[in-house]
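Enquirer: In order, the protein sequences belong to chains A and B.
Residue numbers for the first sequence follow this note's numbering, so the first one is 1 and each next one is one higher.
Residue numbers for the second sequence follow this note's numbering, so the first one is 1 and each next one is one higher.
Bear in mind the hints are in silico, worked out from the structure with no lab data behind them.
Beta carbons are placed, not taken as given, at the ideal position from N, Cα and C, and that holds for glycine.
One thing to keep in mind: the hints can contain errors.
Unchecked claim - Quick look at which bits of chain B chain A covers, simulated, 3 or more residues with Cβ under 8 angstroms: (1) 277-286; (2) 328-335.
Said to hold, decoys possible - Partial pick of chain A residues on the chain B-facing surface, computed with a CB cut under 10 angstroms: (3) Val270; (4) Ser278; (5) Val295; (6) Ala298.
Number of protein chains: 2
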Amino acid sequence: MKKNVLIIGAGGVAQVVAHKCAQHNDTLGNIAIASRTLSKCEDIVSSVLEKGSMKVEGSIKAYALNALDVAATVELIQQTESQIVINVGTAFLNMSVMSACIEAKVAYLDTAIHEEPNKICETPPWYANYEWKRRDECKENGVTAILGVGFDPGVVNAYAKLGCELLDSVDSIDIVDVNAGDHGRYFATNFDPEINFREFTGTVYSWQNSEWQSNKMFEVSRTDDLPVVGERTTYLSGHDEVHSLSQNLGVANIRFWMGFGEHYINVFTVLKSLGLLSEQPVTTAEGQEVVPLKVVKAVLPDPSSLAPNYTGKTCIGDFVKGKKDGKDKEVFIYNVADHKEAYNEVGSQGISYTAGVPPVAAAILVATGEWDAKTMVNVEELDPRPFINLLNTMGLPTRIKDEEGDRPVSF
Amino acid sequence: MKKNVLIIGAGGVAQVVAHKCAQHNDTLGNIAIASRTLSKCEDIVSSVLEKGSMKVEGSIKAYALNALDVAATVELIQQTESQIVINVGTAFLNMSVMSACIEAKVAYLDTAIHEEPNKICETPPWYANYEWKRRDECKENGVTAILGVGFDPGVVNAYAKLGCELLDSVDSIDIVDVNAGDHGRYFATNFDPEINFREFTGTVYSWQNSEWQSNKMFEVSRTDDLPVVGERTTYLSGHDEVHSLSQNLGVANIRFWMGFGEHYINVFTVLKSLGLLSEQPVTTAEGQEVVPLKVVKAVLPDPSSLAPNYTGKTCIGDFVKGKKDGKDKEVFIYNVADHKEAYNEVGSQGISYTAGVPPVAAAILVATGEWDAKTMVNVEELDPRPFINLLNTMGLPTRIKDEEGDRPVSF
């Protein structure tokens with residue numbers, strides 16, 4: 001049964017989601033795109049029509065919406081007869097959009113954990129602070145809510161679940177995210193610098209020996225020889241998926257590692273040490289009040305401007321370590337994506353592509369009923385097989401590497 | 001004959017000048033300190049009185065003055081019966097203060113070349129753009145104007161002149177300025193960050209083979225094993241003294257080299273590359289207009305706050321290379337100063353100390369008549385001997401190093 005989709009947000013990820021929904025509008029039906037700035041939604045609609053992304057004849061329309069306004073969001077869901085909402089707006093909107101979905105009794109998907117503007121890095125597990133408080137409400141209303149179904153979190157949660165099924169017992173899951181792409185600029189962030197830097201200024205929580213451990217950013221590193229992108233150093237980082245996998249899989253060690261080049265770390269360290277990443281205003285000699293982080297954002301390139309010249313690959317995957325048939329075993333389940341191919345297909349760079357394709361795959365699985373859970377779930381609570389199979393056909397193929405070699409995965 | 005002094009400016013260098021004038025008020029008479037902010041002048045007066053710096057009973061008074069107002073400056077010179085003006089205010093004031101001195105027929109001393117706020121790094125030789133245009137006027141009025149009589153420019157000009165007298169012919173003069181001090185902060189500039197960074201964002205002019213040569217900052221370096229501070233790398237930099245020595249000494253190669261640690265260069269490079277040292281305003285996502293350099297200034301430590309914890313030494317001197325008795329000869333004429341000793345004596349760090357002591361020595365030589373030129377001169381046009389002798393007794397002893405060893409210099 002076809003299900004209409006409402007996309008909330010109009011950034012680089014929303015652009016990918018729109019193109020991918022259009023490519024599958026035989027399953028997903030009508031597409032609505034809503035954000036505060038109507039013109040950004042209209043630009044995405046134009047891009048989809050220009051690229052000829054619509055698989056079958058259908059409707060794709062732009063709407064202006066303040067998604068913090070629950071009543072307005074409910075009204076738009078009803079007006080557009082949407083049955084699935086894909087929320088890829090800013091992380092500050094999640095709770096409002098979820099409220100609207102519960103009220104309208106439609107499916108809710110997002111790709112990042114809820115954040116409150118003035119709070120950085122709250123108590124772990126993060127999902128328990130906002131999302132999970134509404135699990136019962138979803139269940140009572142028969143509402144499917146799939147949390148964090150981008151790439152990481154999202155696909156890597158499915159990889160973690162798959163790893164647990166492939167092995168007899170699992171001791172550790174190490175998720176590694178490397179962007180080996182080159183945008184040709186002196187320095188740029190791949191998404192909003194303000195949100196990007198917020199990720200790295202707080203405590204790094206990891207799950208080790210079945211307990212929360214606290215570290216600082218860039219304090220702990222590992223180096224792996226990864227498929228395609230080669231030897232890369234990654235750093236223990238705080239990330240959403242650690243906060244659900246630790247609670248759902250019964251695995252003692254769950255860690256997230258983000259790759260950074262020396263140049264990125266150097267620029268970050270200089271800016272942070274000088275106080276230029278601060279959200280607290282300073283006063284200039286002339287008496288002007290300024291938030292330094294907002295000035296840094298103003299001088300950095302607009303992330304969407306990077307896409308046309310972005311080259312190189314990303315490699316994101318899970319090292320799953322444990323026992324199989326009484327012997328030690330490690331598998332690496334991963335995807336490699338290409339910035340240029342992403343741009344050619346949907347006009348976005350690879351980071352937006354890997355984040356934007358998975359929620360559309362999830363929406364298709366909700367539409368077909370395979371993932372229509374009728375309650376709130378994180379991705380590792382669902383069967384990873386149909387998701388991985390579908391992503392194989394949608395531009396994000398999964399591979400596995402172990403002592404038997406490196407090969408594609410499908411079921 | 002005692003000569004009263006008017007000090008213009010109330011920063012770290014003015015503080016040193018005031019203390020040193022007080023220590024020699026048997027020659028220099030009454031002391032007046034004037035700047036836009038009266039309270040800063042009053043703080044300096046208090047510091048002088050608290051330290052008991054006055055050698056003999058005398059007057060030291062604070063005044064509010066906008067030194068861009070020539071008539072007001074003339075009036076203050078007359079009211080205070082000052083015969084020597086030591087201008088250590090911002091470099092934007094020079095021409096106004098000089099006008100007042102010519103009108104009042106009193107001596108004028110400064111320590112840095114005139115700058116216009118909106119122009120960075122004008123055509124060489126810089127002195128010809130402003131100061132030297134008024135040389136005839138000084139001569140006609142019998143006014144002594146000694147330009148750039150801090151340490152560099154200033155003492156290093158006297159060293160250059162002395163080097164030319166010690167050798168039969170000189171081929172090159174390389175002035176090396178190393179601050180091997182440690183203020184214990186992640187990053188700080190030794191004087192106003194805005195003025196400091198202005199020095200390094202323009203073209204680097206040097207005098208080579210009797211012609212102006214243009215380079216970029218950090219493009220050319222040299223490494224020397226220097227007395228006390230050891231092996232240090234310095235970078236070809238633009239600096240005032242090159243613009244007078246090149247015109248006055250008939251030497252084919254005159255270069256200025258500033259020492260920077262790798263850490264300083266790294267921070268500078270990151271900030272400059274990101275556009276954070278720009279004087280041009282940017283607009284934040286919220287629509288606020290901000291000059292990035294002013295925000296950088298706001299987050300950096302106030303340079304005067306560094307003094308109490310500053311340790312280590314400075315080494316500034318001239319490598320003079322040429323012929324003596326038909327043989328190749330090189331001498332290094334230099335001074336080593338100590339940050340902590342400077343702070344203990346006058347409450348300022350070493351950079352302010354080396355800049356502030358020489359103009360007081362020059363004022364004393366004007367008062368005694370030895371340097372009372374009755375026209376406009378740069379320091380290399382005066383006899384270096386009495387200046388070096390006097391500085392030996394005032395906290396800035398000169399030493400010489402050549403093939404015969406390393407020894408103090410006096411005449």
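Enquirer: Hint numbers the structure violates, sorted upward?
Expert: 2
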